[in-house]
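K.L.:
The lines below spell out each chain.
Number of protein chains: 2
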Amino acid sequence: MGTRDEQLHLGAFIYYSGHHHYGWRHPESGAEGLFDFKFYKRLAQTAERGKFDMMFLADLLYVRGVEDAASGMLEPVQLLAALSTVTEKLGLTATVSTTYNEPYNVARKFASLDHLSEGRAGWNIVTSQLDVEAYNYGKDKHPEHGLRYEMAREFVEVVTRLWDTWEDDALIIDRKAGIFADGAKVKEVEYKGQWYSTKGALNVPRPPQGYPVLIQAGSSAPGQDFAAAFGEVIFTAQQSLEAAQAFYASVKGKLVANGRQADSIKIMPGLSPIIGATEAEAQQKYKELQDLIPSSVIVGALSTMLNFDLSGYPIDGELPDIPDPVEATNGMKSRVQLIMDMARKERLSIQDLGGRLIGARGHMQFVGTYGQLADFMQHWFQEYGCDGFNIMPPVLPGNLDEFVDHVVPILQQRGLFRKEYTGSTLREHLGLERPGLRHFQAGHERAAASAAPAAT
Amino acid sequence: MGTRDEQLHLGAFIYYSGHHHYGWRHPESGAEGLFDFKFYKRLAQTAERGKFDMMFLADLLYVRGVEDAASGMLEPVQLLAALSTVTEKLGLTATVSTTYNEPYNVARKFASLDHLSEGRAGWNIVTSQLDVEAYNYGKDKHPEHGLRYEMAREFVEVVTRLWDTWEDDALIIDRKAGIFADGAKVKEVEYKGQWYSTKGALNVPRPPQGYPVLIQAGSSAPGQDFAAAFGEVIFTAQQSLEAAQAFYASVKGKLVANGRQADSIKIMPGLSPIIGATEAEAQQKYKELQDLIPSSVIVGALSTMLNFDLSGYPIDGELPDIPDPVEATNGMKSRVQLIMDMARKERLSIQDLGGRLIGARGHMQFVGTYGQLADFMQHWFQEYGCDGFNIMPPVLPGNLDEFVDHVVPILQQRGLFRKEYTGSTLREHLGLERPGLRHFQAGHERAAASAAPAAT
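Line order of the protein sequences matches chains L and W.
Using the numbering used here, the letters of the first sequence map in sequence onto residues 60 to 515.
Using the numbering used here, the letters of the second sequence map in sequence onto residues 60 to 515.
Calculated directly from the structure, the hints in this document are not laboratory data.
Don't take every hint at face value.
Identical copies carry no separate label here, and so any pair may be met within one copy or between two of them.
Heads up, simulated DSSO-like pairs for lysine-lysine below, C-alpha to C-alpha not over 27 Å straight-line [claimed, not checked]: (1) K100 to K478; (2) K110 to K478; (3) K346 to K148; (4) K244 to K198; (5) K100 to K148; (6) K235 to K344.
Kindly produce the complete structure, drawing on both the sequences and the hints.
P.N.:
Next comes the structure, spelled out in structure tokens:
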């Protein structure tokens, strides 16, 4: 094994009452608490007890099938704002779509969270996936993949400019002189893009972290390019060390080509741990989870993921030839590629492939002992397959406690993970620099005009 | 005085470090805490100690002049989500604009807050005011007043339909049968309006209150019509009991004409208390506040409010004739009308008028003893000028403490205000019915289709 000076970074990815699609049916799931703050408070405090870098929340802008799946999701940034009051160090990160929001609102949302949490906010930038999301916003269809990334680039450009409109020391609050803020240090953006425009200053001072941490979750080629331009954390799905290493090298290479430091981005694959004190216990837990999956749904779910009707093929046979499956999807292209590779490499039957994918949506499921999981994580980390992991417990809240109680201590003993937080902000946890002002060098932007008192 | 069975309703309107435009300059203002959760936590807990129905937050989608005014504002619904964790009974209400948001996002925002707070959320529906707000969202100008209200009607129509997409008992969570929610009780909206369309179910179950309380803050004719259709609380600016009574009668009349109960809407004028143990102390406090206003800004501020340049007129003279000032404004038409009426009636000089308006933006400032303020409130309430008040302390946090410590006990002794909360939700505090399902009777909306598991 190689050695690395740094330590692992860990995210606690909270998704319904567990990542396993049918995990809510597990006797120990907290499904009844999904719309209750107490459920999330316990999870956040557990993650903080485990010294995680951050909690990570997904977001879906539609109702996934309500009958068999846990559905509905509190607005994640509000939830994090509430959680900021019951945690002290834990990073608080959430997914917000660039496709169905306004840049000014998103810039403000994360600036506000960064102030409320005193520098613990992060934004997982996504472009959304499905036509059903478009319908909710009065659109006929979801924009196509390449276009969404073009739009997202502009969106993030506008948002980061807005975060730069207040200099760090703009606030003066001189009662005697009657100066609240230094007008010369509050600038207006003037940005006219193809998709987004803005002219004005953000209505929240610069976030404590400069910019909240920018997380990116697309692993396709446009996704990687986007990450190389803006990303500071990449959340990715990887099923083998070789593929993870190739992805790692590719992204870090693109970073350097973009003039950025290789360590200015942290690569964190998803990892769903199904673990126990013994291998037998872990296998038993895996079986319990798989038994929760109705066999009738496997073919349909896999067909949807691949955008190809598999219902006419034998369930115990291998995947048939599918013409251009990556090309055909308008969703997560890299995920489809990964599924196809996995099916070919392991020669899995439709049933086994579908069963595995339903469990963790294409992310790595690890079945083994606490020590074996620590070995696995150490190996991937030391062999430069990743900089850490986004931990995806199959059943919540219990499986997060289990990871914190049994796996974190092993990682800590090996010197692979912090025993105490040494910093206060998410950037400090992740070893990321606080960005200085990046915009307003060109001089074409001007100080914000004084506006009159508004009535309310 | 007349008598009324009900009791007063009180809002604690939190606005920067005080409502007085220059209140931040006061030695006791908490201006340094404006972006710090602790400042708001103290205020919310004070309001709850005072048994207020609700805390009320404004929102401005731009930076008001940064040099002389407190500027910048945390996103208010996130702030309320955080405050929901440190309060138990207090209603939590915030302003969100219909002009610069998507209905699906707003429906979700308040549904989430209502879940997090277990039924304490309220939405103050506004349409925003200024072109500088439009610029932040890449628009050339703010839509005109009538159009904004037309758009707002559709917006609220869509939002309330979305709140009805999950029936109250849609969640089943039957692990054994594998049924998370009853698909027949999760419906899709299909709404095609002139301005907004949506097709789908909200991604959050029905709010605990059915609908979060709908607050409306426009007092113009279109504003009143809007309130009569949707509003449950009206926040208004009134400067005399006669005008307040006329407004009260007009709104309640429109309600009845719309087939609603007269008590299904609570009318709460703004009231900025400048109070002390003696009249002399109150007058001294008023003088201290007025001395904070630079005389140079009065003419400019009043000119902006009236959209008419007053700089050529003598500052100690009366207001000149202004052609069609209400017609000319695209902001808060009712507020301009009120200013003109006030100037004519009291024959105020430009200086005195401007000075008074800067203090509380056209809302009533009351200067007197604790007991005199209680008398004033009782009189307006019992004479049907209002159902309560939105209290606007000139300097925060201190003036809220003062009101809670000295005025609330008098109101309680007189039986005019609750000594303890008797309910848990904001609707219960306000005496408003919980709405049943209002939509989906027509049968043209259908059950939400089952969607496949999404990758993340």
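K.L.:
All hints, please: hold or fail.
P.N.:
Hints, one by one, checked against the model:
In this assembly of identical chains, K100 and K478 lie within 27 Å of each other by CA distance solely inside one copy; the values are 22 Å within and 31 Å between copies. Within a single copy, K110 and K478 get their C-alpha atoms as close as 7 Å, which meets the 27 Å cut-off; across copies the closest is 44 Å, which misses it. Within a single copy, K346 and K148 get their C-alpha atoms no closer than 36 Å, and across copies no closer than 45 Å, so neither meets the 27 Å cut-off. Taking the closest pair of Cα atoms, K244 and K198 come within 27 Å of each other only across two copies (25 Å); inside a single copy the shortest separation is 40 Å, beyond that limit.
Taking identical chains as interchangeable, the C-alpha atoms of K100 and K148 lie at most 27 Å apart whether they share a chain (14 Å) or sit on different chains (19 Å). Proximity of K235 to K344 under the C-alpha cut-off of 27 Å is restricted to the inter-copy arrangement: shortest distance 17 Å between copies versus 67 Å within a copy.
When each numbered hint is compared with the structure, a violation occurs for hint 3 only.
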